[in-house]
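Undergrad: Okay, here's what each chain looks like letter by letter:
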Amino acid sequence: MSGPAAKGARRYAGERVHRVEDARLLTGHGTFVDDVSLPGMLHACFVRSPFARAAIRGIDASAALALPGVRFVFTAADLNPGVHEQWHTSIGPKMPETPRPPLAEGEARFAGDPVALVVAESRYLAEDAVERVAVDYDPLPAVVDYAQAEHAEALVHQSHGSNLIGRFAGLPASALDDVFDSAAHVVSEAIHQQACAPVPLEGRGLVVDYSRSTGDLTIWSATQTPHEVRLFCSRLLGMPEHRIRVVTRDTGGGFGQKVMVQRDEMCLMLAAPKVGVPVKWVEDRRENLLAAGKSRQEHAEVKLAFDADGAIQAAYIDFVQDCGAYPTPWPLGPAVSVGMLFPGPYRVPRAGFSVATVYTNTVGRMPYRGPWQFESLSREVLLDIAARQMDMDPMELRRRNLLRRDELPYANPNGMTYDNVSPLETFEQALEMLDYEGFRAEQAEARRAGRYLGVGLSNYVEPSTPGQGYYATEAATIRIEPSGRVNVYVAGGSSGNSIETTVVQLAADALGVKIEDVNTIQGDTAVTGFGAGSAGSRSASMTAGAVRETARVLRDRILAIAAHQLEVGIEDVELADSRASVRGRPELGVSLADLANRAYFNTRKLPPGVPAGLEASARYTTETQTIWVNATHLCTCEVDVTTGRVQLLRYIVSEDCGPMINPNVVEGQIAGGTVQGIGGALYEHLAYDEDGNPIATTFMDYLLPTSTEVPTIEYGHIETPSPGPGGYKGVGEGGAIGAPPAVVNAVADALSPFGVKPTRLPLSPARIVALLGGDG
Amino acid sequence: MPEVSVKLSVNGQARQATVEPRVTLADFLREECRLTGTHLGCEHGVCGACTVLVDGAAVRSCLVFAVQVAGCEITTVEGMASPDGRLSAVQQAFRACHGLQCGFCTPGFIVTVTAFLRDHPNPTDLEIREALSGNLCRCTGYQGIFEAVRQAARAGRAARPGERGETGETGEAR
Amino acid sequence: MKPAPFEYHAPASAAEAASLLAELGDGAKVLAGGQSLIPMLALRLAIFDHLVDIGRIAELKGIERRDGGLWVGSCTTDAAVEASAEVSAAVPLLARATPFVGHFQIRSRGTLGGSIAHADPAAEYPAVALALDARMEVVSARGRRTIAAADFFDGLWTTSMAPDEILCGVWFPTWGGRSGFAVEEFARRHGDFAIAGATVAVELDGEDRIRRCAIGLIGLGSTPERATAAEAELAGRPLAEVEAEEVGRLAMAGLAAVPGDLHGSAGYRRRVGAAMAARAWTAAAAEARRA
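Chains as they are written, first to last, in my numbering: chain A, 1 to 776; chain B, 1 to 174; chain C, 1 to 291.
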């Protein structure tokens, strides 16, 4: 894909290259949003509703403004009229959307809803001022239980007329009655997943600097999508894009929570022109858990029909998702994915689904790594339950139903066509890595000694690299400097996914240069071409495509200039280690620095038809709508039936992410997602009480896994190339998809002597004890 | 409320600022000393991103007021590499083992691990995991971090040959 | 999450601290390690006009054998307790509880006295102090006095110290004879506050009968709890006749205010508490038998 390489040339793709990001990050010299300090900068803090739902009768900011150092207190009346247009590019202006007043207007709709914005000389003073803003709230009955929301009397958004955001169905359940009524085995369960949050270690934040003299706006943003922030802001303020610059240097994690501009950030953008000096807002952890958005809160009735041999005949899911008060974006699309993907990597002749999304008076739903992953959770948990019901080994049940390579491309019954995946192969590899039979023997012996070990598995197939709308292209600019060093400019949006390093690897390969001669500049909209950012596990494939397209232009030029200089045919020139040389005569060559010098400063010596300079830009368009990825997660655990404690023993991820640009990066992405999935299965819960008051607003109650809760993860790699550049696939989200069901199934397997069915997450120790019949 | 003059030493350099007593050591380092490597991940003492050394002891700087440690020697992540820019053994190990992704939690881990290995140069795997359990990471799943600590411990033992049980290992990156 | 403003005072002696507290009245709070207080200030769950920092007062630090026991200055850090050979030798229960106290970074600053004065029922040191009948030495502008552990813990985060009193030190008795000690606790994650736990000390006579035992309970009330009824029932019995499970059951009987929250109901805590008491008993008894 990168043209003929010289024999013995160093290839960086596929290697565990050490990261270029690390030098600054290891020494505390990263630049995260809170590290940005500008002359005269002020600090913002929000007044937030303590009530799940309340009418706002009035706001008195006089006591706050009387504090020395407090400069502004903005309310809805000050900021909201400044909105020209607000919509997210991936959704478009015509889709129905939840009304999103930047500051709550007349009604607070969740505990944490931003009601006023204080701007002061320090964050300390701003927080003091927030306490002195007197808001007259009139509490109203809140809609909290999402399962009842559709029929609740109170309305979260009166203008919507209903708490049902939308409903969508594939094949209706009735169309499958014949199959389910006559099947040899039918299994059905209600499966519940709790509210979780992405919880990046760095919260959301931005510094907005509006220059009154020039009308230019500069935003430093903790974001995964710098160009989208710019686009959104330009529409919001009615400002042309070229007057807005968004810079994101280092972002401390995102996992979907920093993909879309939210109301808090809108407020800062709207306030900046009124403040006239730079304003910084960085949310603290309490705000992040309170107001940055939730995910995963949903449940479904799921059912599968099997023939007498355990072959799946039909699948159906009736799914309901809690979207809070201000979901971002319009949630029906992602919810429909759950229905569409429910059949998973299995041979499923017929399937149907129904999805419903509802509003509640809680924080709004946001994307989180693998937003549709409930389909894998519910399907894989149900498959294990089915296996036990049919008295079959759960692995054998999988083996009978997993898709084989010769069945691909396979159109699942909802119209999604998978290709370039290897579900059966990753499955068998996982079992082999564990020594499945050996584990079953170990389990039996442990049971005789009164100890409960279990093994659980999940298989999934995942759509990566979306090819629709603004995700479908990615651009790069490559400048080979007069010195021969290479600068690669891409849109970026890394919040930890190492695309600085992978871009440098790819460019070094594509141009035949030494990796230490390559540098990348990302995350600055003034400098890079438009890119949709890091979302949808798109960065590897799309960036590879952008680099390939752009490097191709320069490579052709370099070869032509070198051939001309060396007086050989182009086909006889090789590029390696920043040097062009004659094939078979390595001593005859010219450095890239010399070629660059000629291209910039000695243009009369260029071959006819070759333009001066060594700079090029190109935009790559993906040819696929989806690049499919698959994996199998397999874990073992021990459950202490007295305390309910789950200890994970071994954790195996057997995956097919295609060729790897950097195996360290691949494994790191898998590990991070897996541990988030473990957190969701066992520890994390963004809980609310029945009045809609959030309970888990600090890290004392929202429990992230630490190093002692997490086993060593073992990786097995299978490589089925995608049709995309390099054969690369996306790998960012899979861990969070495969882990929860593998863990739940391991616990269920450990407790199978007790006949319990864990179907409600999280499987906290107390919940496990309750399942066992004790007090939970 | 009256401000107080706080004098302390940071990475070997004398620093002084007049601040409100409520200013945490973390904010003093970030705002007054302009050392932004120490990060705020929770400000209530759970995530460990703010870990620094106070007179050599690893401490959560969000749970200390600057005024409480007047006169003390503070070491931050910016003081871990040598003056000529060479990464410490711990920093090198993190790089070699892909022990960081977004880098936000990393300064806290570097300081924690530096203090831990200094006091426990021969840790078991369980001791390592327990020592790391006071620092949260959301990106790495702790895999690369755990390997980095093992590698840094090996490198430390290799640098002190003849110690019980460990000779001849070079502690090179994998 | 920044604390509200306060005035800061750093007295040089316990006497000076005491008179300062008396002068400043209600709006003042003692600051030692700050590992419990500062999060509350950051979350603005608590607001004080004055903080009186006693953390650097030399006379409040130290570990010394005294009067057949061990005196630990209130501002001695948990880390110093952890590292102390004297503590390991004289009050093993304290040494065994310390690794459960948060994480080592917390222990660098947190103090033994701070933990006891903060009186969190889910903390380890209050339960150890209660189990061993420790004595708390307090000072105020009105003089010094000693409070027995049994009279010290009044309610949730509340002690019987007067608002103007400062904890100076805690004296722990040393158990002689054939003694064994163990702490077992169950938390969601390593280093978290206990859901339930037990601190057990047991002494056997020459014939392996239980001469005496002490069982302190963590996380099972609004204060640390002492399983006095269980202790009375077990005293004098041959060790071999006592099943660990029975100890667990006995220890849970009579608990009137077991808490329930997001992490577990009262019933669940009792179940776990019984298991922790049983496991601690097993370990402590085994050590005593070997002695």
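Calculated from the structure, these hints are not laboratory results.
Please read all numbers here as calculations on a predicted model, not as lab measurements.
Please note that a few of the clues may not be correct.
No farther apart than 35 angstroms at their CA atoms in a straight line, the calculated lysine-lysine pairs in the DSBU-like style are these [what the hints assert, rightly or not]:
| id | chain 1 | residue 1 | chain 2 | residue 2 |
| --- | --- | --- | --- | --- |
| 1 | A | 274 | A | 94 |
| 2 | C | 29 | B | 7 |
| 3 | C | 61 | B | 7 |
| 4 | C | 61 | C | 29 |
| 5 | A | 514 | A | 605 |
| 6 | A | 303 | A | 757 |
Undergrad: Hint by hint, note whether the structure agrees.
TA: Status of the hints after comparison with the structure:
no.	hint	result
1	274/A with 94/A	30 angstroms, holds
2	29/C with 7/B	24 angstroms, holds
3	61/C with 7/B	23 angstroms, holds
4	61/C with 29/C	19 angstroms, holds
5	514/A with 605/A	25 angstroms, holds
6	303/A with 757/A	15 angstroms, holds
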